[in-house]
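So the protein lines, in turn, are chains U and F. The first sequence: position 475 = 472 (the working numbering), numbered continuously. So the number in the working numbering is just where the residue sits in the second sequence, counting from 1, plus 597.
These are calculated hints, taken from the structure and not from any lab test. Be aware that one or more of the hints could be misleading.
[Unchecked claim] Result set (DMTMM-like, lysine to aspartate or glutamate): computed pairs, CA atoms no more than 20 Å apart in a straight line:
{"id": "1", "chain 1": "U", "residue 1": "Lys441", "chain 2": "F", "residue 2": "Asp634"}
{"id": "2", "chain 1": "U", "residue 1": "Lys213", "chain 2": "F", "residue 2": "Asp690"}
{"id": "3", "chain 1": "U", "residue 1": "Lys126", "chain 2": "F", "residue 2": "Asp634"}
What follows is each chain in one-letter form.
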Amino acid sequence: MIMRCYYKRFTAVLIIFILTSCSGDKAQRDYVTVGVQSDVETFNPLFAFQSLEGSISELLFLSLLRHEWNEKLGKLESYPMMAESLKWNEDGSSIFIKLREDIYWSDSVKCTIDDVMFSLAAYSDPDIKSRGVGAFHNYVTDESGRIDAQNSFDRISDYELVINFKKGAAASYFDLDYPVIPKHIFGTLNTSQILSSEYNFEPVTNGAFKLLSWQKDQSIILGKNEKSFLNSDSTINRIIFKVVPDYNNRLLQLKKGEIDFLEDIKPEDAAGIEEFDNINVEKVSGRQYDYIGWNLIDPEVYRNTGKMIPNKFFGSKKVRQAITHALNRREVIDNFLLNYGELAVGPISSIFKSVYDTTLKPLEYNIELAKQLLKEEGWIDVNGDGIIEKNGLEFRFDLKIATGLPRREYAANIFNNNLKQIGIDANIEFMELNSFLDGLFMRKYNAWLIGWVIPIPVDLRIQWYSDFERTPLNLSSYRNREVDSLLDRLEMKLTEQERNQIFKNLNYILHDEQPFTFLYWVDNIVAYNTRINNIYINPLGSIHYCWEWTLK
Amino acid sequence: MTKEFIVKIVRRIFTSFLILLFIISLIFTILQLAPGDPSYKYLSPELSPELMNKVKNSFTTEGSLTEKYFGFLFSFLTGDLGISFNFHQPVLDVILPKLKITFIFSGITFIIQLLLSFWLAYVSVQNAGKIIDRAMKKVAMVFYSTPSFITGIILIYIFAYMIDLFPVSGIESIDNQNYSLPLQILDVAYHMFLPALTFTIALLPIYYSYLRENLKTVINSPYIVYLRTLGTSESRIFWKHTLPNSINPVIAVAGIEFGSIMSGSLVMEVVFGIPGMGRLIISSIATNDYPLVVGCCFIAGVMIILSSFIADLSRVLIDRRLLKGIMN
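This is chain F alone, in the form it adopts within the complex (with noise of 0.2 Å):
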């Protein structure tokens, strides 16, 4: 590791959380102008003005805009994300099993898609101009102007109404816990099929096309001809040449895609009940609980921030080539 290598990398991170101190301070001033009041739930018949104000005045702290929004950076540089107003528990609380859920079905969904996404791209290129490569070029547009959440009613009216195959919603069965953790791994693995392949089928053709486009050029190119006739091995072409200059872009996009999956999927979490971040954020936002909407926004931030990272990181050291463009 080169000393140019780590002053950019440290460079990066500082940029990285003068960003996430961008975005938080924006979140402030938002919610500082949003409508709304998270003591409207207080509102009832008998309770008098004074008691209103009382409830109204729980929710604020005291004190000029700028002293508020000093207490407020203050409390989250030193790890305070504060205490949701819905769940009366620690921010980080109810974020930490939400975010758990979305990253394991996230991650797992991500790195089917890659695979397959490549697998598929492979194949078409090597059947190029061919009734397959034809076929799978359709296909992908296909599913590529297909709304998920379409494609995951029809998932589930097929193949959990009509063939009853699958269960309709939710990550794991009534008695989970009762089972085995071989068992409960395998319900969890039933449960999460049909939503990982509406998640699979809504992103592989971005993947696929990419992909598809890249190895093409670089099967195509005059260096990966010249090897082939130096009698270089075809495995050898594909692991050292081929496949990290045709993944190299794939991952930039990888990077954004796989943090803006990790902040949650709304649509995809309602359709199959998962309890993922997507649905918190938006509870959070329609309940007024400012400080949980603060802490998801934070954790969103983080997501996109360091999966972008690591993309860019992995493309440099694929590619040192790529070290002074990416890393700036």
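So here's chain U without its partners, still in its complex pose (with noise of 0.2 Å):
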């Protein structure tokens, strides 16, 4: 009898208890809870090598600009925000900034041209390690590339500065794209210490957003800047970081409302998801494609003696060109991204309208022109049995792909039956990631499949420069002198019209080549809760700039 009641008062407490825990959380909802796979490892901008990192401190800490993505003409557009004022000099040598004085850090300091410099100079000190090392060629710096602040800088006054490029330098609203940090902080430390300094975990910022708490692998809650000139009174109070590492249960939670918005849906599931009255879903394409690489080295004899010599088999211009004639692509667009994708033909997309050459086409899915192209070269199946050889040598190759992404996997699949109809024999390999990264970084494969996120600014150098010691993301080996002298000239000031053409020229190039063969653009799906307003999903990153959202 006595059990009896105690189970009865325990049941009592748990279904009061569960009760009001349900209503609790979603009756007082004056934030946005943003659903992510993991975690982030700092909140300084100097080591935010993730994406999610990036994002989360352009949140935190201010920086000169501000970029906007123009849908119309398909480009970035830069306005000050920091700066109040940004003028370059006559010959674009130097640049004057005049600082907005209503800028406070989170400790209450004045944030000032101080800040500024110390900044510039931290993201390009090697000894740091940030993420910014090697990216200050148009400053004037030292051996080590570290700015060399005496010859770069004038301090004018607490809120002014002119920055003095190097000689010759293309400089551009882009060399201030960072992040400013607070020198009142880390400039008390070594650049051993910043590293490992406390404040990359509870950061002194002055963005739009201040960290309230840092739950490590649960959440991040970002507090609205009360003092930010960003915020206005619509802006949300609160955005919430909600790590969910399985995407089921991510997704699971965006149709019960415990998650507001999330990215990187399954094409698969974008139908269900749209359903939802609560929900929209909106896509960003055109910054991430796949494609199949190929070699256009011999892989052992650069690895044995150092000598680049053809690849045997993708060597030709032609036979890369019949290979991507055999491949139907359209296949994994039309049945796997369920039409969240788009062929491509070439390294840039169609998003990028000022530098995207609209005459271009896809290579057609066309089995009777890829084997008519072997032929040219040479390529016949003379003992019949169904693989082409040339001097003896049958055409038979390993395909390397990483394990883990089921898209890859099923495309690989498709396209291995394709190669079989002009009678070469790929064989797919699959590899854990470190494996594959260390192989192909020692250009040890004759072809791999993996994908690439394009940056904004489009930058092609690092993946098309024939100095392989100096762009080590040039897997395919890939040498053109045109292509050499067309990057070459990018560097170089030019107007908005020459810089567009040189682009299209390049994708024009390297359409025709093949060095890859450009698969597809994939889509990156987004869905949010409809009660979030104002929101501008673009190519920049889905929370970009979200201060500008309110709430209903």
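With the hints in hand, could you dock these two chains into one complex?
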């Protein structure tokens, strides 16, 4: 009898608690919850290597400029943010910066031009190992790439500065595009202390938001910075980044309303989510593509002797074109991406309207044309075993793929069948990511399937410049003097029209030469709760400038 | 406590230490051979080869392999587990918060598993051959053969999504810090209900099956029957004879299991978003954070050895005759 009474009491308490807990979270929703797969490792923008770290540091720390994506023109536009005004001199060799005087750090110290100078120097310091190391080639630097502050900066007042760039450098706003960190905090530390400073986790900030709490691997809570000039009364009070490692769990929470904003939705789930009245689905196109990389040099000879001789399979442009013609890329877009993608013609996507050549069309899926091109190159099935050969060499190669991404595994199987149709035997080899990357950077493979995210502003040098030492991501070992010359010209001072034309030329050459088989651009599918207003999903990042979001 | 007992315990501690030394040496060797490079994340368009080399070298210590090994060993033995490449913090500072969560979660679940399985086994044996016994055996078999992440997903779907009774993931509410202490504890308990239930369901059948068989054997053994004929009370028979004799072999299994769950359960942690050891180990391996990998493996090794040691010690305390066999 007594036991039964206890049971009843316990059950009642439990039910009350559950009910209050359930309603509590949803009743006072003055915040937006963003679902993320993994946590950040730091809040210091110096070390923001991950995409999420970059996005959060943008909310915590201000930069001199802000960028906006102009959808119509398909290009980036820059406006002053921390800076009140920015003025280039006539030849573009120096810039005058006037800082806003109403910016404060979260510890109430005023933000001055000294913070800007200190930050730029810190980003360039190789001992600090920031994400900006090596990127300051337009500045006057010492041998190690560190900014020479004496020759680079003319400090006029607490809020005014002139930056003098290197002679002949084609400096742009992007040379200033770094979140500013507080000198009064980090300036007192030596370089090795900065890396492990507690301020990387409990930051002193000046952005639209400040860090309220960080429960590692659980949640990051940012609160509206009432003093920030970026915020208004309608700015949301809190943004919560909720760490949920399991994709299905994140999706469930989106449907349930526990998560308001989610990226990287799988295409097969998008249609189901669209049916929910309280969820909007949008996509960010043209930032990420998958490709099959062809090694244009013989990997074994290169590894053993360092000599670069053309690859026996993929050294010929016609062979590469033939293979692209043989691959049914549309099938992957239709059946796996469910049309959340677009055929790729080259390394620049159609969203970059000013630099994209609309006259270029993707190489069509045409098995007969592929066979014809291979035949012209001397690849014929002489012995009738179904595999084409040339000079006694059968066309068999390994296609390396890192494990863990179903889209690429699906595509590889389709392409394997496609290649069989033209007499090529591609042995698909799945590898653990680290082993895969090791071999890739050592140029060990003949062919591999991987993806690439195109940076904004567009940068092609890293993949296509001939100097392998200085462009370690030229994994195809691609060498083309014309491309080098065009890439070199991009480093010079040019008009916007000239610059755009160079990008179009580059896209044309790479489309024609097919050092990669550019497969398709993959959309990032984004879903958010309809209670969020004024949200603009764009290629710069989905939570870009979320201080402009409001709640219904 | 006899001299023999103390000698055997000291010997066991010494051999455990040697095993740990072997574990960390093995991990060191494997990491030297492992593919991957922590400096990959620094690759950028503008990074010159000279700078890249500088960054690369910053992740390794100079010297021959032997020098590196002894340097590593010395640091380890002096308690310096190094600095995590990713977190830029001492390895122990990164591990301890995760270990605490895993310890609390696994510890509570483990106790529930043991108590519940013993109770169920006892009920089963008391009703041997009846429908309740047969049903429990079948249910245990179903739970045993269902992967825990499937159980977890089903429970989440039913209780967190359809009925909307429990949260889908996490270990506390967003506003937990603003609650009073009792509410904070209740909030964590509320969040932990589904993971704990899943974890309990996953391991309960093992302990249940062991205990049921042991209990059955002990209860029907001649000395228990003899005690009954002597008129010894049922509670005395149970606490003094049935329980110690039937639980002893289970403690050995539980000792090893407890050590394993203390090093984290990746699948459970991912499904329920619990920030524990399992996720930390996997992310440290994936990102080539070598000091953290070594630290996590070391802690996992310590946990397994320690729990196995405590389990053996408990068995010896229950039955002194096991001293020679177990402690050797």
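Against which earlier hints does the structure fall short, listed by number upward?
none
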